[in-house]
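Sequences are here, hints too, so could you generate the full structure?
Protein chains: 2
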Amino acid sequence: MSKALVSTQPYRGTRDFYPQDFIKRQYIFDTWTKTLTSLGYQQYDTPVLENAEMYILKSGEELGGKQLYSFYDKSERHIALRPEMTPSLARIVAAKFGELNFPLKWFSIPNCFRYERPQKGRLREFWQLNVDIIGLPAGGVDLEFLYMTTKLFEDFGASPSQFEIKFNHRQVLDKWITNNLLTNHKSIIYNLLDSWHKTDLDYKERALQEIGLNSKQIKKILSIKDDTEYQNIAIEFDELKLIFENTSVAMPNVNISFDPTIVRGLNYYTGLVFEAFDTNTNNPRALFGGGRYDDLLDIFGKKAPAIGMGWGDVTMQNFLDNWNLWPQNLERYTEKVGIMPFANSDLIRIYKEILPKLQKEKIPFEIDYDYGRSENKRYESLKKRGCTQIIKIK
Amino acid sequence: MSKALVSTQPYRGTRDFYPQDFIKRQYIFDTWTKTLTSLGYQQYDTPVLENAEMYILKSGEELGGKQLYSFYDKSERHIALRPEMTPSLARIVAAKFGELNFPLKWFSIPNCFRYERPQKGRLREFWQLNVDIIGLPAGGVDLEFLYMTTKLFEDFGASPSQFEIKFNHRQVLDKWITNNLLTNHKSIIYNLLDSWHKTDLDYKERALQEIGLNSKQIKKILSIKDDTEYQNIAIEFDELKLIFENTSVAMPNVNISFDPTIVRGLNYYTGLVFEAFDTNTNNPRALFGGGRYDDLLDIFGKKAPAIGMGWGDVTMQNFLDNWNLWPQNLERYTEKVGIMPFANSDLIRIYKEILPKLQKEKIPFEIDYDYGRSENKRYESLKKRGCTQIIKIK
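Chains as they are written, first to last, in numbering that gives the first Met the number 0: chain A, 0 to 393; chain H, 0 to 393.
Check each hint, because a few of them may be wrong.
Identical copies carry no separate label here, and so any pair may be met within one copy or between two of them.
[Stated by the list, open to error] Quick list of in silico lysine-lysine cross-link-like pairs, PhoX-like style, CA-CA up to 20 Å:
{"hint": "1", "residue 1": "K219", "residue 2": "K174"}
{"hint": "2", "residue 1": "K391", "residue 2": "K376"}
{"hint": "3", "residue 1": "K382", "residue 2": "K23"}
{"hint": "4", "residue 1": "K150", "residue 2": "K335"}
{"hint": "5", "residue 1": "K351", "residue 2": "K150"}
{"hint": "6", "residue 1": "K359", "residue 2": "K150"}
{"hint": "7", "residue 1": "K383", "residue 2": "K95"}
{"hint": "8", "residue 1": "K382", "residue 2": "K150"}
{"hint": "9", "residue 1": "K197", "residue 2": "K224"}
{"hint": "10", "residue 1": "K185", "residue 2": "K174"}
{"hint": "11", "residue 1": "K33", "residue 2": "K359"}
Treat the hints as calculated values from the structure; they're not laboratory data. This one's a predicted model, so the numbers in the text were calculated from it and none came from an experiment.
Shown next, in the form of structure tokens:
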């Protein structure tokens with residue numbers, strides 16, 4: 000036995016999926032796929048490698064900058080590992096813009112790559128469910144999209160008490176900022192809202208004092224969640240009114256609420272934005288997030304309204320762990336037959352009689368070839384390999 | 000409409016999978032998964048990113064060198080996109096060597112990356128079915144493994160006339176080379192056999208003259224396929240004898256033959272090697288290949304006998320195309336209901352009455368929100384979206 004030349008550990012921030020881990024990941028992917036297929040969505044995929052410029056131009060400072068895995072290939076093309084799916088989706092929709100039959104209801108479960116410090120819920124390689132409807136402007140479809148997100152919970156057996164959905168609207172926020180003469184401080188306000196639940200009142204107050212706001216302005220911002228002016232602007236938007244009026248019918252019992260602190264960073268979004276949270280407070284990170292981005296295709300010179308969302312496999316696993324929602328038996332088969340020949344000459348019978356019968360019923364099997372060992376040991380070995388029935392060939 | 004800033008083409012040698020393409024790829028993956036599960040194999044996965052040294056040490060000149068996508072991450076770790084799955088498999092098996100319950104019957108369907116000139120059957124990103132049995136020495140299990148490969152054809156509806164499997168044995172070849180005093184020319188002979196069907200007699204003869212062989216030696220090598228000495232060495236190997244004696248029972252009707260020209264490059268293999276071919280000559284590249292590699296885990300300081308194979312999604316697609324083996328209807332659903340409301344106030348009825356019914360039966364739906372258009376146009380639009388039945392909400 001020689002000395003190890005290379006470490007057996009996976010690259011930092013990535014995971015190995017042994018069969019017992021793979022089966023859990025696959026359960027999530029299969030459930031997502033089943034739910035979305037039953038709602039009329041179609042699956043697509045794109046390459047892991049993309050032109051790096053696409054992210055540098057479109058994905059913002061973090062994803063398109065310090066978190067981007069990019070390098071030059073052997074013919075000096077600047078390429079990157081996708082940090083998110085949306086730019087690739089925009090690219091392939093733009094590429095066949097004239098041929099595609101809009102609206103598109105599409106989903107994908109890509110692995111994405113981000114260079115960051117690995118921590119709970121954040122890894123360097125993760126999978127992310129991406130769901131999008133492209134080609135329909137804001138209106139009834141936004142409600143349909145929120146309805147879809149609740150079905151994703153339902154099909155994992157989650158009860159409405161285990162999660163909540165919060166939504167906001169970029170144009171409402173922007174109008175409120177304008178009305179309150181805060182336009183010059185828009186990006187600070189966005190940042191503050193984005194980290195609303197991660198910072199305390201003191202921090203927020205100081206941040207607003209630092210940019211020179213007066214105490215009346217600061218009070219206004221700090222009470223944004225209960226601000227009647229904010230609510231009144233919201234109700235004037237037909238597309239939000241539609242959501243307010245229909246959620247209790249479309250999503251009965253689901254805890255869904257309008258929340259001015261939901262902004263989803265600085266990128267992309269042009270209308271509705273939303274996030275979902277685990278009501279178990281040991282899991283504070285958003286489970287998924289999304290919103291309307293009507294400028295999705297602009298860097299490709301096309302125009303189509305769109306709404307989309309992303310849900311990572313890591314937060315999904317955490318949610319299922321928290322509420323113990325994993326099915327009892329994740330194995331793909333329940334019975335497995337062990338076969339115990341005693342010499343190579345017994346193999347003929349196995350292939351002639353045993354396997355054709357098992358294969359007809361799609362019953363998996365294990366063959367023990369260790370003719371020299373005691374029957375007892377061979378029996379134990381087949382049992383350990385998962386065999387519930389053992390056939391001796393004698 | 001603005002000008003495109005970024006190309007909509009995928010990176011050279013990679014593919015976009017629109018829903019109609021995705022569904023074909025998924026059919027292949029699903030069929031592989033179903034077959035292997037029914038044979039008792041379990042699925043695993045590993046990260047796309049790995050320590051580059053692993054390939055440089057183990058994957059040989061091509062995969063570990065000029066074809067390797069490698070780069071340094073932001074903390075100067077030398078990482079690579081996996082060009083093949085085998086080193087990762089070896090790594091994760093070595094990592095839990097003491098805990099795993101051998102033998103392992105495992106499979107995976109990873110995407111792999113190779114920097115090469117894109118051509119028919121070869122791309123820079125491709126998926127590859129990898130199947131392995133780890134922990135059993137040569138013997139009955141090699142026959143079981145060949146049997147498994149024929150099941151992979153069967154479950155796609157392929158008939159035995161559409162493919163052939165050829166096998167050889169590294170130790171037979173090496174013994175024959177030694178017996179004929181050709182040990183100094185081993186790597187040339189391996190290369191010549193590896194490209195046997197891509198080169199003509201003249202080329203082979205010249206290559207052998209160039210290294211100074213005499214005409215008797217050259218004649219011996221050129222007639223290796225029919226050489227009785229070669230066949231006699233083979234029969235002396237118990238593990239080959241077992242295969243010779245059982246193939247007609249284990250794989251009735253399958254065209255499987257012993258062929259001294261099958262060598263599988265220079266890497267890895269220590270015993271049985273095999274390849275499968277499309278009998279349709281417009282598809283000359285091997286469909287899959289594999290063999291026994293008992294030194295699989297050596298760079299990780301462990302020892303376990305193993306046999307494995309790999310089958311690319313591109314050659315699989317070519318095979319299904321060639322013989323028209325795609326199922327008639329690849330869609331995941333056959334019926335889809337179109338819903339036509341006439342005002343936002345109709346949405347309540349959709350969510351209250353229509354969708355709960357459809358969702359109960361998992362029948363997918365499309366809703367048309369274009370209240371302003373003529374009924375005829377809306378009807379056509381829903382039909383184009385795949386709806387076979389249309390419900391008007393009035």
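To see whether the hints hold, each was checked on the structure:
1. K219 to K174: within (14 Å within a copy, 87 Å between copies)
2. K391 to K376: The answer is within: 13 Å in one copy meets 20 Å, while 68 Å across copies does not.
3. K382 to K23: Classified as neither: same-chain Cα gap 23 Å, cross-chain 37 Å, threshold 20 Å.
4. K150 to K335: So K150 and K335 pass the 20 Å test across copies only (18 Å; inside, 34 Å).
5. K351 to K150: between (48 Å within a copy, 15 Å between copies)
6. K359 to K150: This pair counts as between: shortest inter-copy Cα distance 12 Å, intra-copy 36 Å.
7. K383 to K95: Answer is between: at 17 Å across copies they meet the 20 Å cutoff, but 52 Å inside does not.
8. K382 to K150: Answer is neither; intra-copy 40 Å and inter-copy 25 Å both fail.
9. K197 to K224: Within. Shortest intra-copy distance 15 Å satisfies the 20 Å Cα cut-off; inter-copy 73 Å does not.
10. K185 to K174: Within one copy, since 11 Å is at most 20 Å while 78 Å is not.
11. K33 to K359: between (27 Å within a copy, 13 Å between copies)
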